[in-house]
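Chemist: Sequence:
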Amino acid sequence: MTGMKVFISSVQSEFEEERIALRDFIQGNALLSRFFTVFIFEDTPAEDRKPDSVFLEEVSDCDIYLGLFGAMYGRKKHDGFSATHIELNEATRLGKTRLIFRKNVPETDCEPEINKLMADIGSELVYYPFQDKSELIEVVYNALVTFLESKRLIITGPFDESITENATLEDISDDKMEEFIRRARNVRSFPMAENTEKSVVLKHLNLLTDNTPRNASILLFGKKPQNFFITSEVKCMMFYGNRITKPFPSYQIYKGTVFEMVDQAVDFVMSRIDCYVGEAVDTVQVPVEYEIPYRVVREAVVNAVAHRDYTSNSSVQVMLFKDRLEIWNPGRLPSDLALENLYEHHSSIPANPLVAEAMYRAGYIEKAGTGTIDMIEMCREAEIPEPVFSVKPGQFILSFKRKSSLTGQVTPHVTPHVTPHVTPQDKVLLSSFQNRLIAILVGEKSRTELMETLNLRDRKSFMNNYIEPTIVLGYVQMTIPESPQSINQKYCLTELGQKIKNEFTGHDTPHDTPHDKLIFSDLQNQMIKVMDKEMSRVELMEKLNLNDRENFRLQYLELLLNANLIERTIPEKPKSKNQKYRLTTQGQRLQKKLKAEK
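Mapped onto my numbering, the consecutive letters of the sequence shown carry residue numbers 27 to 624.
Read the hints as simulated data drawn from the structure, not as lab findings. Owing to the predicted nature of the structure, the values given are computational and were not obtained by experimental measurement. By construction, the Cβ of each residue, glycine as well, lies at the ideal position given by its N, Cα and C atoms. Just so you know, not all the hints are guaranteed correct.
Quick list of the computed label-pair ranges, beta carbon to beta carbon [as the list claims (entries may be wrong)]:
hint: 1; residue 1: 339; residue 2: 237; range: 41 to 51 Å
hint: 2; residue 1: 191; residue 2: 403; range: 17 to 27 Å
hint: 3; residue 1: 249; residue 2: 339; range: 48 to 58 Å
Straight-line C-alpha distance at most 27 Å; calculated BS3-like pairs for lysine-lysine [said to hold, decoys possible]:
hint: 4; residue 1: 250; residue 2: 272
hint: 5; residue 1: 261; residue 2: 224
hint: 6; residue 1: 527; residue 2: 31
hint: 7; residue 1: 619; residue 2: 599
hint: 8; residue 1: 569; residue 2: 559
hint: 9; residue 1: 281; residue 2: 559
hint: 10; residue 1: 224; residue 2: 250
hint: 11; residue 1: 525; residue 2: 559
hint: 12; residue 1: 486; residue 2: 569
hint: 13; residue 1: 527; residue 2: 486
hint: 14; residue 1: 569; residue 2: 527
hint: 15; residue 1: 31; residue 2: 129
hint: 16; residue 1: 249; residue 2: 202
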């Protein structure tokens, strides 16, 4: 029983937006679109037939009559009934499944005929109330799923508990499972050794059904999870202003396991928000503060990835604006929870309980039901407004204000708080990747120690954005340069790196930015000088008389892109053969300054 038709009936002028939103939602939802097509008046082509006859034929041809009722009854026909009432009567006569939805409108604001009709409907059917468009989509989704269940067309239950079609144990990565066991043993005293047979571990975690991986197995430990779940990804975008505009200064799509996506997305945010570094006092550990606390960002991203609706065609989106961070999660609140419940202690109702359990064991999730409360408290301690929770059709949204946008104003909800380790007098704002590494590098440190100090988890991103550029520029060196991959490898500042660090942490030139003092050597400054409008990689290398493409990428492109001095003309396709580069507004200012210094 597939290809069933849903006929949406309503007073068109009253519910025009809702009708279109329902059509788009049903036809765009990965689950519902498998079973339903939708008919609404707006999609009717022009033809030489009376509208009434067209609609009644569509009612006759439909499987489900979906009626929307509010304050208006509609214009009466010659027999005294409105078109909507006639359509309902026809659906009743033909024995169609009827799903009725009533907008919450005071009876005194309704036409008398609609009140009488709803009283008649209420004596025969249970109808679903709704407040707005978002709630309507929610209750329609639930009603259609219930219909599919009643026809035994779907067997409901959490998505992550279903078996993954065509998947075998060969699709599970041994390395990713061993990494999980290491974390789980350290954080939660997981009882199994790293070399335990993977089928044994999966059975222990309830992730196998008759030796076939469940969806959670692939999401957690799959070699290539996106081969099975193509929308399991996190899109991360950064914008210069407070609204979505192109081109994007930075745009990344992260794939992999849920653990990998969380780590990469969190690193994307932490590497691009303001970071304050203080002086080490009575310890070699340099204090670091971010304008949005690391634990807040991590909790928000974990919630989005762990609790999203994996049947949706949408992806998790992490959007960093000048004034705020927004995280969009494909899904909806459980019916037992309302938005106001998120500001108080509430029961935990995970959308994907098996994924959530594994993430808890690995230390990504803390106590059940406390995530939103923890974020609120951490925001208060950081002197930023508490997060804003909201919903849109098919999306749950978390929004955080950036401290840099508050201009000294603290909302009434924020408790005054001063961090003792980094006072306003001694902390330095660092906005580029390499500046941050040089600022916190004291003595000899391992990759792990440096990443922990900076609150970063993604190794590849750290090496590409922090370690490699600073080594190339001569600011950082390896302690074992003859064995770059050594497990005992550590990093320390060069004499030049220490000199530069002393300059910008000494507050000797308060009006200069860290960009002016640190990252931009004559190499990068020269590229800034020669840039004119939009230029390709080949054109830039010719201008600079360079032949080594990889050296150009590391010493020029990556550094200037990361510092937001240049931008791609096609950011969504970094490797496009038509890719070009141009100066940002900040880059244009620097170019003007450099040319003036000639």
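Chemist: Any hints this thing doesn't respect? Which numbers, in order?
Modeler: Failing hints, ascending: 1, 2, 3, 4, 5, 6, 7, 9, 11, 12 and 14.
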